[in-house]
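Novice: Residues per chain, in single letters:
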Amino acid sequence: MSSIAKVLNWGRHYSTWPFGSGLACCAMEMVATASSRFDITRFGMDVFRASPRQADLFIVSGTLTWKMAPAVKMLYDQMAEPKWVIAMGACAISGGTFAHSYSVVPGVNRIIPVDVYVPGCPPRPEALIYGVMMLHKKIDKRKFRQQD
Amino acid sequence: MESMSSLSTDMELKTEPFVLNMGPQHPSTHGVFRMRVLLDGEVVVDLEPIFGYLHRGIEKLAETRTYTQVIPLTDRLLYLSSMACNHAYVRSVEKLAGIHVPERGEYIRVIMDELMRISSHLMAVGFFLNDLGCSVYTPLLYMYREREKILDMFEMVCGQRLTYNYMRVGGVSGDVPEEFMPVLKRFVAEMPHFIAEYEQLLAENEILLARTKGVGVLPRELAINASASGPVLRASGVKWDIRKADPYSVYDRFDFEVPIGQVGDNYDRYRVRIMEMHQSLRILEQAMRQFPAGEACAKLPQLLRPAVGEAYGRVETPQGEMGFYVVSDNSIAPYRMHIRPPALLNLTALKDMVVGWKVADVIATFGSIDIAMGEVDR
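Top to bottom, those sequences are chains A and B. The working numbering numbers the first residue of the first sequence as 1 and each following residue consecutively. The working numbering numbers the first residue of the second sequence as 1 and each following residue consecutively.
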């Protein structure tokens, strides 16, 4: 890995700004993760942005329905490169409890590419923090050729 | 003179109505709610809510599951007050099958319901203040501090933080552990102090009063006609609470009041929630004193097969009246289940509350209704 890549990765590692978009129940745990008890600020990724243009990380928190899917795709497309996606909770991973429903997308990876899956219904805040740390590891491994 | 007046009317700015789309992704829409707002300048002329972005087909899914397997689905309706949703569902199934719940089970349910009410109202007030623009998150962080204590207690009894799946047909899934009661006792003793702290920060706050007093008024008649319920209805001055009007569980054994508002504006809705927290603490105190010994759950067969028939059971959730209409055809799964959603019906009055106010007031009024999209779209 070149030293330029290392510097870029180091910067991105500590400034992954998540997109504060909540879809369903998991969003409550996402907010809990950001609140004082679990305090995601400790890991340098507390800056929840309300606009996809300013965000690097899309935490898909909750059930995705076919009606909502085009909107989520558009939000993902609006994010600037480099960007990452965390599928939070059983619904985002596979449809979870609602996988057999006529209106639910069985897994958000059908719509947008996913980097890290955090299981749980909903995942505990610690699990989300662990998922983010896994993502940090992934960011650290990016080679220069993969940089955008 | 005539020419002058015609000139002045010509000089007046002609404005065209302007359509603003809010959502489905918007930081203040509490999930994936969308509204089309027709604006004249900054003043709202018309508002059309668009639902269905979180429609998960819960009513249809319930038909393919056994009576007990439906309980986890009800958790995900009002995800800020899952215990109350559980309670509404198991109550209607108990009505349908004619099951008697042991006294201890009923008391545990009441304790859980009231803790849930405090936690949900904390979140409602926190998000409402967030929508008013109180810095980023500050009021919410205060509320989360107490909510985490309640979540710890729920974790003790069922191991989950948000979707509890604690209540069962005939009682609750397990008795409360030994260490639960001392923690609850401490919480009930401490909580009034924290509510006083919020009051000190908020009640006389000039900015809060200016943004909420007289804004988003829901008149008494309209609230009744829109079949609003819960704090939204009570803020409009209607003394209607299922716990008093149609007592269920063991609520008839407690002494508590139903706080009401005068005008039905955003401030009243906020005040009613704060006062309800005090009443919930009163109920908790009495429930702890009367807490009986015995079984927490009735002995029932693993698969329920209620006789052919139908039943409607309702409870007072923190958002309002939630009811489940369950039809049985003597099989192991409900033939049909319909949900009476409190927040959806409260939301239908939104248009009448905001027409004539500014865009910023739409967000504030919307926040004061306290919705959870899981239940609005179902």
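Hint data in this document are derived by calculation from the structure and do not stem from the laboratory. For each residue, glycine too, the CB sits at the ideal point set by N, CA and C. Take the hints with a grain of salt, since some may be wrong.
[Claimed, not checked] Pairs of lysine to any residue residues, derived as SDA-like cross-links and limited to a Cα-Cα distance of at most 20 Å, are as follows:
| # | chain 1 | residue 1 | chain 2 | residue 2 |
| --- | --- | --- | --- | --- |
| 1 | A | Lys67 | B | Tyr198 |
| 2 | B | Lys60 | A | Ser94 |
| 3 | A | Lys73 | B | Pro27 |
| 4 | A | Lys73 | B | Arg34 |
| 5 | A | Lys67 | B | His26 |
| 6 | A | Lys67 | B | Gly52 |
[To be verified] Label pairs and their in silico Cβ distance ranges:
| # | chain 1 | residue 1 | chain 2 | residue 2 | range |
| --- | --- | --- | --- | --- | --- |
| 7 | A | Pro119 | B | Pro301 | 41 to 49 Å |
| 8 | A | Ile4 | B | Gly41 | 29 to 37 Å |
| 9 | A | Pro106 | B | Gln200 | 30 to 38 Å |
| 10 | B | Thr15 | A | Met1 | 41 to 49 Å |
[What the hints assert, rightly or not] Here are some chain A residues pointing at chain B (derived, C-beta under 10 Å):
| # | residue |
| --- | --- |
| 11 | Asn9 |
| 12 | Cys25 |
| 13 | Leu75 |
Novice: To test your reading of the hints: which numbers does this structure violate?
Specialist: Violated hints (numbers, rising): 1, 7, 8, 9, 10 and 11; every other hint is consistent with the structure.
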